[in-house]
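Chemist: In case you want the letters, here they are:
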Amino acid sequence: MLKLPIYLDHNATTPMDPRVLEAMLPYFVENFGNAASRNHSFGWQAEEAVDYAREQIAQLIGADPKEIIITSGATEGDNLGIKGVFEMYASKGNHIITCTTEHKAVLDTCKHLEKLGAEVTYLEVQPDGLIDLKQLEAAMRPTTILVAIMYANNEIGVIQPVKEISAIAKKHGALFFTDAVQAVGKIPVDVNADGIDIMAFTAHKMYGPKGVGALYVRRKNPRVKVTAQMDGGGHERGMRSGTLNVPGIVGFGKACEVARLDMAADTERISKLRDKLENALTQIEESYVNGNPAHRLPHVSNISFKYVEGEGLMMGFNKDIALSSGSACTSASLEPSYVLKALGLGDDLAHSSLRFGLGRNTTEEQIDFTIKAVTETVLKLREMSPLWEMFKDGVDIDAIQWAHH
Amino acid sequence: MAYSDKVIDHYSNPKNVGTLDKASTSVGTGLVGAPECGDVMRLQIEVDQATGLITDAKFKTFGCGSAIASSSLATEWLKGKTIDEAVKIDNMDLVEELNLPPVKIHCSVLAEDAIKAAINDFRSKNGLEELVFEQSHV
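Going down the list, the sequences are from chains R and F. With the numbering used here applied, the first sequence covers 1 to 405. With the numbering used here applied, the second sequence covers 406 to 543.
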């Protein structure tokens with residue numbers, strides 16, 4: 001029996017893996033110690049648990065455990081990584097390069113730094129969502145201290161050419177930061193092979209608990225330091241003070257271990273289901289996949305169904321299927337997804353998009369149900385759509401003078 | 406955000422979806438909104454030219470559930486009204502009937518605008534002066 005509702009919003013968050021929960025349970029009531037308590041067994045036990053988890057986290061990304069700075073999540077990681085570099089390397093320069101499709105945690109951090117004297121270049125992306133390496137090269141200046149480009153995009157799943165990006169940054173003496181929230185645990189990420197200096201990621205996107213994440217900060221070639229953004233007890237090598245969230249960290253460690261061991265099998269299974277879904281839904285007339293299909297996360301598909309509006313579309317099945325739309329009909333601004341707009345999609349296509357985010361628990365039965373429900377709703381709403389009628393009558397919709405509200 | 410039962414009902418069973426002959430002098434067509442804004446409504450009325458009574462109303466809408474529900478409800482209200490009565494339909498009546506939340510009030514405004522645009526289209530086709538309306542409640 002198919003159990004409803006179906007969850008296809010794994011880019012927003014993931015359910016916790018039962019193996020993760022099991023690992024965490026002893027650290028709430030019995031082993032509750034503060035990992036910074038150096039003088040008794042409660043503290044030692046907590047510290048040991050954290051050290052083990054730190055190894056599990058480091059192993060997933062090919063890092064040394066000492067290079068893992070625990071945070072509350074990726075928003076904090078993005079803030080600490082970017083602001084921390086800006087402060088620490090102020091004497092070297094004030095120029096940061098990022099791109100327009102970054103998460104708000106990166107974009108808004110950069111905007112904040114602009115008020116404090118930073119110069120920020122926001123690279124445009126190409127229509128497939130990838131940045132143009134020649135543009136990056138051209139944007140480098142002697143004062144460039146940081147290149148901040150995400151590993152994989154949260155809305156369309158495209159994977160940026162991080163090796164090439166880090167090589168360009170290195171050549172010009174800048175550090176490379178990446179928000180890898182969507183990539184870590186889903187695809188192989190290796191900080192050394194990829195040339196990453198600083199990297200933010202989080203547990204809850206990879207079947208771990210919410211409220212815990214990590215910032216990878218390179219210790220060798222080069223040795224990187226970030227200025228703490230929170231003052232206090234000097235935890236995490238002085239870069240992030242605050243009592244450690246021991247059960248959360250234990251869960252994060254376990255989630256990393258499970259991801260490392262299951263990644264290959266998960267990817268093979270999930271990408272097949274994603275392809276099945278995408279192939280079926282692109283059979284619908286006037287439907288388009290957003291983002292470069294060859295450089296993309298295995299579990300994401302973002303599709304625009306022209307002439308129907310995303311939120312109206314979701315309403316047709318959101319009792320049974322949970323997913324996201326690039327439409328922002330609910331927001332006061334009425335602005336659709338800035339990521340899709342950055343690809344050069346018209347607002348109408350951006351309003352018409354759905355993001356399917358598959359996960360570890362997604363089944364073929366769920367995908368079959370989704371294909372049917374989405375197809376039926378698209379066809380039904382097109383019968384109701386004046387734009388579809390105009391398209392079918394050969395009216396040039398772009399030539400109409402629309403009254404903007 | 407949860408939708409009200411009435412919005413869900415109009416979305417699931419929309420009333421009066423369709424197209425009237427826009428070339429006919431007894432039909433008034435209102436096309437409002439813009440694809441870039443995520444809402445386009447086309448509302449049409451068929452008017453008995455002798456009595457001024459609206460004998461039929463149809464809509465097609467590109468938009469969210471609230472936009473679809475607002476236009477569906479508007480067509481229901483229009484049928485059987487005279488043009489003079491239809492002019493008085495206020496967007497806040499739609500908001501109240503459908504329990505639209507504040508972020509969805511613009512959907513009702515669009516429906517009111519569509520009604521007025523359809524009436525004016527009918528008037529201008531029949532040699533009558535177009536009415537000038539005040540701004541609706543936003």
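It is worth saying that the hints were derived from the structure and are not from the lab. Take the hints with a grain of salt, since some may be wrong.
Capping the alpha-carbon separation at 25 Å, the derived lysine-lysine pairs in BS3-like fashion look like this [to be verified]:
#1 R:K276 / R:K319
#2 R:K83 / R:K276
#3 R:K225 / R:K171
#4 F:K530 / F:K427
#5 R:K372 / R:K134
#6 F:K420 / F:K484
#7 R:K92 / R:K171
#8 R:K3 / R:K319
#9 F:K493 / F:K427
#10 R:K134 / R:K66
#11 F:K486 / R:K319
#12 R:K3 / R:K225
#13 R:K372 / R:K319
#14 R:K392 / F:K411
#15 R:K380 / F:K484
#16 R:K276 / R:K372
#17 R:K319 / F:K484
#18 R:K272 / R:K3
#19 F:K420 / R:K380
#20 R:K392 / F:K493
#21 R:K380 / F:K493
#22 F:K486 / R:K380
#23 F:K427 / F:K486
#24 R:K83 / R:K104
Chemist: If a hint holds in the structure, say so; if it does not, say that too.
Modeler: Results for each hint:
1. R:K276 / R:K319: Given that 25 Å is the threshold and the Cα spacing comes to 23 Å, the pair holds.
2. R:K83 / R:K276: violated (42 Å)
3. R:K225 / R:K171: holds (19 Å)
4. F:K530 / F:K427: Given pair K530 (chain F), K427 (chain F) holds - Cα atoms ~11 Å apart, limit 25 Å.
5. R:K372 / R:K134: Measuring from Cα to Cα gives roughly 43 Å; hence the hint is violated.
6. F:K420 / F:K484: holds (11 Å)
7. R:K92 / R:K171: holds (15 Å)
8. R:K3 / R:K319: holds (12 Å)
9. F:K493 / F:K427: Holds, because 23 Å separates the two Cα atoms, which is no more than 25 Å.
10. R:K134 / R:K66: violated (35 Å)
11. F:K486 / R:K319: violated (36 Å)
12. R:K3 / R:K225: violated (49 Å)
13. R:K372 / R:K319: Within the cut-off at roughly 14 Å; holds.
14. R:K392 / F:K411: The hint is violated at about 31 Å.
15. R:K380 / F:K484: Holds. K380 (chain R) to K484 (chain F) sits at ~24 Å (cutoff 25 Å).
16. R:K276 / R:K372: holds (12 Å)
17. R:K319 / F:K484: Distance of about 32 Å is beyond 25 Å: violated.
18. R:K272 / R:K3: This hinted pair holds, its Cα atoms lying about 21 Å apart.
19. F:K420 / R:K380: holds (14 Å)
20. R:K392 / F:K493: violated (34 Å)
21. R:K380 / F:K493: violated (32 Å)
22. F:K486 / R:K380: violated (29 Å)
23. F:K427 / F:K486: holds (20 Å)
24. R:K83 / R:K104: holds (14 Å)
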